[in-house]
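A.B. asks: Spelled out from the first residue to the last, the chains are:
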Amino acid sequence: MTVPTLAPEGHLLIVGAGLAGYHTARGVRAHGHTGPITIIGEEHRAAYDRPALSKAYLTGAAAEEDLLLDDPEDPLDVTWVSGVGVVGLRAEPLGVHTDDGAFHTADAVVITTGASALSLPSLDSSEDRGGCAPARPYVLRNMEDALALRDTPLHGADVVVVGGGFLALESAATCVARGAGSVTVAAGEEDPGARRLGSPVARAIRSAHEARGIRFAPGARAQGLRRRPPSDGGPHYEVLLGDGGVLPADIVICAIGAEPRTEWLLDSFVRLCTQSGAVLCDDTGATSVPGVYAAGDCAQWASHSSGLRPVGHWQEAFEEAAVVAAALTGSDPVPLQEPYFWSDQFDLRIQGVGRIHLADDVTVVDGTSDGGDLLVHYSRDGVNVGILGINRLRDVTRWRRGSRIRPASAEAPGPTPVSA
Amino acid sequence: MQVAFRACSVQDLTAGEGLRIDSVSPPIAVFLTEEGSVHAVDDTCTHQDASLAAGWVEDCRVECPLHESTFSLLSGAVDQPPAKRPVRVHHVTLHGDDVLVELSQEAPNLPPGMGTV
Ligand SMILES: Cc1cc2nc3c(=O)[nH]c(=O)nc-3n(C[C@H](O)[C@H](O)[C@H](O)COP(=O)(O)OP(=O)(O)OC[C@H]3O[C@@H](n4cnc5c(N)ncnc54)[C@H](O)[C@@H]3O)c2cc1C
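Those protein sequence lines, which keep their order, are chains A and B.
The first sequence begins at 1 in this note's numbering and counts up by one.
The second sequence begins at 1001 in this note's numbering and counts up by one.
These are calculated hints, taken from the structure and not from any lab test.
Be a bit skeptical, because a hint or two may be false.
Chain B side only, calculated, beta carbon under 7 Å to chain A, not exhaustive [unchecked claim]:
1) A1054
2) P1065
3) G1113
Ranges between beta-carbon positions, derived for each pair [stated by the list, open to error]:
4) A:P407 x B:R1020: 55 to 61 Å
5) A:D71 x B:R1020: 56 to 62 Å
6) B:D1098 x A:D77: 34 to 40 Å
Quantities reported herein were computed from a predicted structural model and do not represent experimental measurements.
Heads up, the beta-carbon is just placed ideally off N, CA and C, and yes, glycines get one too.
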């Protein structure tokens, strides 16, 4: 047992009512914390899980209540402060300032403010717009964003999706399901994902999307978005590509990445990464300020900084919350497992596990790029470091099981030392 | 009075893994634990459409192959979100190598978008 940072009856304050915040509170309670827990979140709704926002929530298959993190029938013993933004952190006395002018003291603070979606610049001048608001694409980060897109009729519409990551491809897939007239993905690379996941995987994903009628724009990066003159007729917007190409669109969805929500920490003593703006932490989530931890999409732990782990996946936020909960309560340390992510696009369930981002080689071990059954291995210096499967749940499970890191406490006791 | 049906043979099972039986609706999963016991529960995770038969079995629990929720093979109870509701447990008897399953009469907890079949 390590020394707890937070006394069992102390006040834990969590900033950001998302996945990492919820699971930190849950973990701390499971470790026996009896003191008050406050979770402050700026959204005016109960904490929810985000992955369905680019998938089942957009098609209407999942509703808001299906996404709730807390169980209404067995709620966590936590005080939720909703609709209030946190604007600053103070180290002495420890606490946070909120946008309603209040100061909340705490015995420990966990920062779980996630990230905000990056957007495409609006390229139209105010004259072009003729009094209209600048052209804005749909983005997907919060339920509000997803609700706006879900409530927009897509039937027959020409949709352009900017971005080549999973969020972009997932939302493109939902547009087809919702009857869009055309869906074009401007991914900024020929086969989206090829650089990150290897060509066989990128080809498999691309061919599945093309088989459903999705088109892929040339690999040039999108520069921005603007309104088309009404006199031209047709779609109201256009996306400009770096090679001079123009993609007319009724609807533009932008999924080009996210940046950590740490602007409110700029005046604090919490050290941020100069490049990404993420909160810098050690591998227990501790920041540069005593008693202040960070987890999830807003944080960059030592393993991320050194390139050993990727940032920005559900599993990462989930596991970090468990690590922080253990550290805060002085419970046995919880090891981080091999990185893991999944994505659902049409009937493809893509799962990746391991150090895929470190691989220097990718090998197809089974299935084909066209068969919806691809299984690839990643290796570095000849050593297998990861696996990705498309509809290969059992194979991925086996790999994860084989690479499972056991907490020290769960290991079988070693041989009893014999005293001399 | 419900009668048991033959779901599979013990020979079809691999210790520590599950077998999906989709001749019934909703499909069920039959598991052989490393300790040698045989269990049957609903195959579909109550959070999202994922086959628990492809999940990881340990200490008489199965972990969903997608996320972190684990279900007890004895009671069906779930330990942590994202899933919140239990899976149904079906009564298993062994007759020689035959795995006989008597389906639960409770209503299944299917994930959103799957509806009752
Ligand atoms: C649309 C979408 C789909 C995804 N799909 C997948 C997937 O299929 N697979 C996968 O592995 N990962 C997926 N992810 C990633 C995963 O959801 C995130 O990694 C995860 O949500 C991170 O959790 P978090 O708690 O760090 O941040 P969040 O869940 O974003 O929570 C942060 C919360 O903090 C609040 N907040 C921010 N600033 C403040 C402030 N100053 N004051 C008060 N509150 C504040 C925010 O409003 C938000 O509610 C997806 C993400 C999105 C957006």
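A.B. asks: Look at each hint and say if it fits the structure.
C.D. replies: For each hint, the structure was consulted:
With a cut of 7 Å, the hint placing A1054 of chain B at the interface with chain A holds, because the nearest CB-to-CB distance is about 4 Å. Checking P1065 of chain B against chain A by beta carbon gives a least distance of about 4 Å; that is within 7 Å, so the hint holds. With its C-beta approaching chain A no nearer than about 3 Å, G1113 of chain B sits inside the 7 Å limit, and its interface hint holds. The hinted window of 55 to 61 Å between P407 of chain A and R1020 of chain B is violated, with their beta carbons roughly 31 Å apart.
The beta-carbon spacing between D71 of chain A and R1020 of chain B, approximately 27 Å, falls outside the hinted interval of 56 to 62 Å. For the hinted restraint 34 to 40 Å between D1098 of chain B and D77 of chain A, the CB-CB distance of approximately 48 Å leaves it violated.
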